[in-house]
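Visitor: Here is what each chain is made of, one letter per residue.
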Amino acid sequence: MAKLITLRDVYKIYGEGLESEVRALDGVSLDIERGEFVAVVGQSGSGKSTMMNVLGCLDIPTRGEYLLDGTDVQELTDKELSLIRNKQIGFIFQQYNLIQSLTVLENVELPLIYQGINADDRYDMAMEALERVGLAGRVKHRPTEMSGGQQQRVAIARAIATKPPIIMADEPTGALDSRTGQEVLKFLQQLNREGSTVILITHDNGIAATARRIVRLQDGKIVEDREQEVDWL
Amino acid sequence: MNLQQAVKMAWKSIWGKKGRSALTILGIFIGIAAVMTIVSVMEGMKLKTMEQFEAMGSNRITVSIYSWMYDEDGNDISKDYFPNLYDYCNGLKEYVLGVTPTGWCNATVSYGTKSTANMQYQWDEMGNITGDVPPSLYYGSDQYAACNNLTIVKGRDLAPLDIEKYNQVCVMGAQAAKTFFGSADPVGKELMVNGNKFLVAGVYASRLKDESADQSRLDNFIVFPYTARRILGGEKPTEFLVKARSSEAMTEAISRLSGFLKGLVDQNTGGYNVYSESQWQEQSNEYLTMIGLVLGGIAAISLAVGGIGIMNIMLVTVTERTREIGIRRAIGAQRSSIVAQFLIEAAMLCGIGGIIGILFGTAGSVILSNLLMQMTIFPPVKVTVGAFALSVALGIIFGSYPAVKASKLQPVEALRAE
Chain A
1 MAKLITLRDV
11 YKIYGEGLES
21 EVRALDGVSL
31 DIERGEFVAV
41 VGQSGSGKST
51 MMNVLGCLDI
61 PTRGEYLLDG
71 TDVQELTDKE
81 LSLIRNKQIG
91 FIFQQYNLIQ
101 SLTVLENVEL
111 PLIYQGINAD
121 DRYDMAMEAL
131 ERVGLAGRVK
141 HRPTEMSGGQ
151 QQRVAIARAI
161 ATKPPIIMAD
171 EPTGALDSRT
181 GQEVLKFLQQ
191 LNREGSTVIL
201 ITHDNGIAAT
211 ARRIVRLQDG
221 KIVEDREQEV
231 DWL
Chain B
1 MNLQQAVKMA
11 WKSIWGKKGR
21 SALTILGIFI
31 GIAAVMTIVS
41 VMEGMKLKTM
51 EQFEAMGSNR
61 ITVSIYSWMY
71 DEDGNDISKD
81 YFPNLYDYCN
91 GLKEYVLGVT
101 PTGWCNATVS
111 YGTKSTANMQ
121 YQWDEMGNIT
131 GDVPPSLYYG
141 SDQYAACNNL
151 TIVKGRDLAP
161 LDIEKYNQVC
171 VMGAQAAKTF
181 FGSADPVGKE
191 LMVNGNKFLV
201 AGVYASRLKD
211 ESADQSRLDN
221 FIVFPYTARR
231 ILGGEKPTEF
241 LVKARSSEAM
251 TEAISRLSGF
261 LKGLVDQNTG
271 GYNVYSESQW
281 QEQSNEYLTM
291 IGLVLGGIAA
301 ISLAVGGIGI
311 MNIMLVTVTE
321 RTREIGIRRA
331 IGAQRSSIVA
341 QFLIEAAMLC
351 GIGGIIGILF
361 GTAGSVILSN
371 LLMQMTIFPP
381 VKVTVGAFAL
391 SVALGIIFGS
401 YPAVKASKLQ
411 PVEALRAE
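Residue numbers (our numbering), protein chains in the order written: chain A, 1 to 233; chain B, 1 to 418.
The set of hints was computed from the structure by calculation and includes no laboratory data.
There could be a bad hint or two in this list.
[As the list claims (entries may be wrong)] Dumping the calculated BS3-like pairs for lysine-lysine here, alpha-carbon to alpha-carbon at most 25 Å:
no., chain 1, residue 1, chain 2, residue 2
1, B, Lys12, A, Lys140
2, B, Lys178, B, Lys189
3, B, Lys93, B, Lys165
4, B, Lys79, B, Lys236
5, A, Lys163, A, Lys3
6, A, Lys87, B, Lys8
7, B, Lys408, A, Lys79
8, B, Lys262, B, Lys93
9, B, Lys236, B, Lys165
10, B, Lys17, A, Lys140
11, B, Lys165, B, Lys197
12, B, Lys18, B, Lys405
13, A, Lys87, B, Lys408
14, B, Lys189, B, Lys154
15, B, Lys178, B, Lys114
16, A, Lys79, B, Lys405
17, B, Lys405, B, Lys12
18, A, Lys87, A, Lys186
19, B, Lys262, B, Lys79
20, B, Lys8, A, Lys140
21, A, Lys79, A, Lys163
22, B, Lys197, B, Lys154
23, B, Lys154, B, Lys114
24, A, Lys140, B, Lys18
25, A, Lys140, A, Lys163
26, B, Lys189, B, Lys114
27, A, Lys79, B, Lys8
[As the list claims (entries may be wrong)] If you want a taste of the chain A side facing chain B, the calculated C-beta under 10 Å gives, among others:
no., residue
28, Gly56
29, Asp59
30, Ile84
31, Gly90
32, Phe91
33, Phe93
34, Leu102
35, Ile113
36, Ala119
Glycine included, each C-beta is placed from N, C-alpha and C at the ideal position.
Just need the whole structure built from these sequences, with the hints factored in.
Guide: And the structure:
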């Protein structure tokens, strides 16, 4: 069986050929198997956000090959990429990225709406996800009426509502205090134990310690890729 | 994403920004209301002129003969051509039903205390006339009735002898009879016309069926033998009406009349024209259509301005919601879903504007038709449906650029927006 994710010599270059050329990803190769928990660690400007955008099919590499579940992402149309983001990947962002004009429930239902799931099933799936993050009692609230930790839990519910095989978390604890941050990380570990492949992007080595595998980026290159003892929370 | 969801989302967004939405809608609703009002009032005017032409009958030919012969003192010494025309037309009975001058006179008519000199009238708030309207005073031949689709209900019509003998008689239209005599029988009564006694010989039936203000105007007249001009004064007749038997006969009558007049009228001191009245009708329709186009064009400009307003506000909305678009794209919205979302929002804004515009346009055409024509015109169904379709179409047309722009945003860049 093919690896879940394979990067072969991937470059992401901004302003290529110019003097101001930036190599956000500079020949990266990486394999990720199903069920792994990988932390991509690096300083600001190391290219880890670009890595996440490429892995998350939000951005297309300048050069190189990205096989997702054996499919060459570069060959896909915008519509097919949208479908992959919708069904295969659940995103968790540092700034939660909830839509402020929608209620908690509507936010969680949104990816299911784009899947075309009917109203009843959608409600059930969204409520199931919200129960998992312990927010089933606050579904009619707006995101602005909630604390940062709660908002991030809504975002997690949205990410897992479609039961995607891959969870991508970009600095998910960045805007949270350490205790709520710990809860989020614990939740990611739990998702991983249940079979999800989790990719965690962070600049913080302490947070990276919750992952089985660490991939360290520096100036767009992988400088370290090792397995470690996990800090189970 | 299904339509119901999209509509719900669009409604949320419109409702979330009430003030801005209301202002945007304003532009569309003014335009739609203007278009509705103009179109339905113009339709009403066309209908009304058609009705009038129909009431007077079809197959009418207008003949005008003019000359500029004056003596040394400046008096008009041109010939009265009517006797020639009358004789000629009576020899053309195969094609012609009747011929009459269409002149009118300006005299004071009175009976007892009723006098055209002191008649007063006004319109009430429903647009109906109250009070007495002075009748029009026409000169006619004994064939006036045949030419104008009139029939006698009481007494007798004008006779050739009345013309010949300068008899002081007249025939009244239904409304004029009502004005002077109420429900009493006018036949045999004498009207005072500029101090001269004129016997009422007969009364014509009213030509329009419904009791509208127009009926009173169309049937509010008194016809005198045109030879009464000798007593009552007025211009020498230069306009004549010839009624043909049928539309086929009309073509023949027009060509024969033209030939006859060519021989009769001295082209050095005058001239003549022969028109079919359907030409007038067509022309008046053309004028109305043209006025309608000009006014409609102005309304269309206001609609276009409203549409640009929609485009502008949708562009602002797209910019404001760049991050939201990024989020939606990240969690799997396809470009088509984003396009649909903003298109539906624009179409809904315009649709709401359209509905309000239709309400105001209906009110506008009712009010305006009452003011201008003393009748109530509701916009035809096709105009109402058309106005709604137009407003939605405006939303789609002017919303498409912002919607496509929104869908072209790169997810990564959109997510970075603040």
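Visitor: Does each hint fit the structure? Answer for all of them.
Guide: Hint check:
A C-alpha spacing of about 15 Å is found between Lys12 (chain B) and Lys140 (chain A), which places the hinted pair at or below 25 Å, so the restraint holds. For the suggested pair Lys178 (chain B) and Lys189 (chain B), the alpha carbons sit about 13 Å apart, so the restraint of at most 25 Å is met. A distance of roughly 24 Å separates the Cα atoms of Lys93 (chain B) and Lys165 (chain B); the hinted pair therefore holds under the 25 Å criterion. Only pairs whose Cα atoms come within 25 Å are accepted, and Lys79 (chain B) paired with Lys236 (chain B) is accepted, the gap being roughly 9 Å.
A threshold of 25 Å between alpha carbons decides the hint, and for Lys163 (chain A) with Lys3 (chain A) the separation of about 20 Å falls inside it, so the pair holds. About 23 Å separates the Cα atoms of Lys87 (chain A) and Lys8 (chain B), which keeps this hinted pair within 25 Å; it holds. Taking the CA atoms of Lys408 (chain B) and Lys79 (chain A), the gap is about 12 Å. The hint holds against a cut of 25 Å. For the hint linking Lys262 (chain B) to Lys93 (chain B), the alpha-carbon distance of about 20 Å falls within 25 Å, and the restraint holds.
Distance hint between Lys236 (chain B) and Lys165 (chain B) is fulfilled; the C-alpha atoms sit about 18 Å from each other, no more than 25 Å. For the hint linking Lys17 (chain B) to Lys140 (chain A), the alpha-carbon distance of about 20 Å falls within 25 Å, and the restraint holds. A threshold of 25 Å between alpha carbons decides the hint, and for Lys165 (chain B) with Lys197 (chain B) the separation of about 15 Å falls inside it, so the pair holds. Between Lys18 (chain B) and Lys405 (chain B), the direct Cα distance comes to roughly 24 Å. Compliance with the 25 Å bound is thereby established for this hinted pair.
With a C-alpha separation of about 21 Å, the suggested pair Lys87 (chain A) and Lys408 (chain B) falls inside the 25 Å cut-off, and the hint holds. Between Lys189 (chain B) and Lys154 (chain B) the CA atoms are separated by roughly 13 Å; this keeps the pair inside 25 Å, and the hint holds. With a C-alpha separation of about 12 Å, the suggested pair Lys178 (chain B) and Lys114 (chain B) falls inside the 25 Å cut-off, and the hint holds. Simply put, Lys79 (chain A) and Lys405 (chain B) have alpha-carbon atoms about 17 Å apart, close enough for the 25 Å limit, and the pair holds.
At roughly 21 Å between alpha-carbon atoms, Lys405 (chain B) and Lys12 (chain B) fall within 25 Å of each other, so this suggested pair holds. At roughly 23 Å between alpha-carbon atoms, Lys87 (chain A) and Lys186 (chain A) fall within 25 Å of each other, so this suggested pair holds. For the proposed pair Lys262 (chain B) and Lys79 (chain B), the alpha carbon gap of about 15 Å is at most 25 Å, so the pair holds. For the given pair, Lys8 (chain B) sits about 16 Å from Lys140 (chain A) by alpha-carbon distance, which is consistent with the 25 Å threshold.
Distance check on the hinted pair: Lys79 (chain A) and Lys163 (chain A) sit about 20 Å apart at the alpha-carbon level, within 25 Å; holds. With a CA separation close to 20 Å, the supplied pair Lys197 (chain B) and Lys154 (chain B) stays within the 25 Å bound. This hinted pair checks out: Lys154 (chain B) and Lys114 (chain B) have alpha carbons roughly 21 Å apart, not beyond 25 Å. For the suggested pair Lys140 (chain A) and Lys18 (chain B), the alpha carbons sit about 21 Å apart, so the restraint of at most 25 Å is met.
Straight-line distance between C-alpha atoms of Lys140 (chain A) and Lys163 (chain A) comes to about 22 Å, which keeps the hinted pair within the 25 Å bound. Note on Lys189 (chain B) and Lys114 (chain B): the hinted pairing holds, with a Cα-Cα distance of about 14 Å set against a maximum of 25 Å. Distance restraint check for Lys79 (chain A) and Lys8 (chain B): the Cα-Cα separation of roughly 23 Å lies within the 25 Å cut-off, and the hinted pair is therefore satisfied. The closest approach between the C-beta of Gly56 (chain A) and any C-beta of chain B is roughly 8 Å, which is under the 10 Å cut-off, so the hint is satisfied.
Proximity of Asp59 (chain A) to chain B holds as hinted, the smallest CB-CB distance being about 5 Å (cut-off 10 Å). Satisfaction of the interface hint for Ile84 (chain A) is found here, the shortest Cβ-Cβ separation to chain B being roughly 8 Å, below the 10 Å cut-off. With a cut of 10 Å, the hint placing Gly90 (chain A) at the interface with chain B holds, because the nearest CB-to-CB distance is about 8 Å. Hint status for Phe91 (chain A): holds, given a least beta-carbon distance of 5 Å to chain B, under 10 Å.
With a least beta-carbon distance of about 8 Å to chain B, the hint placing Phe93 (chain A) at the interface is held under the 10 Å criterion. Checking Leu102 (chain A) against chain B: minimum C-beta separation of about 8 Å stays under 10 Å; hint holds. At its closest, the beta carbon of Ile113 (chain A) sits 5 Å from a beta carbon of chain B; the interface hint therefore holds under the 10 Å criterion. Of the supplied interface hints, the one on Ala119 (chain A) holds, with its beta-carbon coming within about 9 Å of a beta-carbon of chain B, less than 10 Å.
Hint check: no violations occur; every hint is consistent with the structure.
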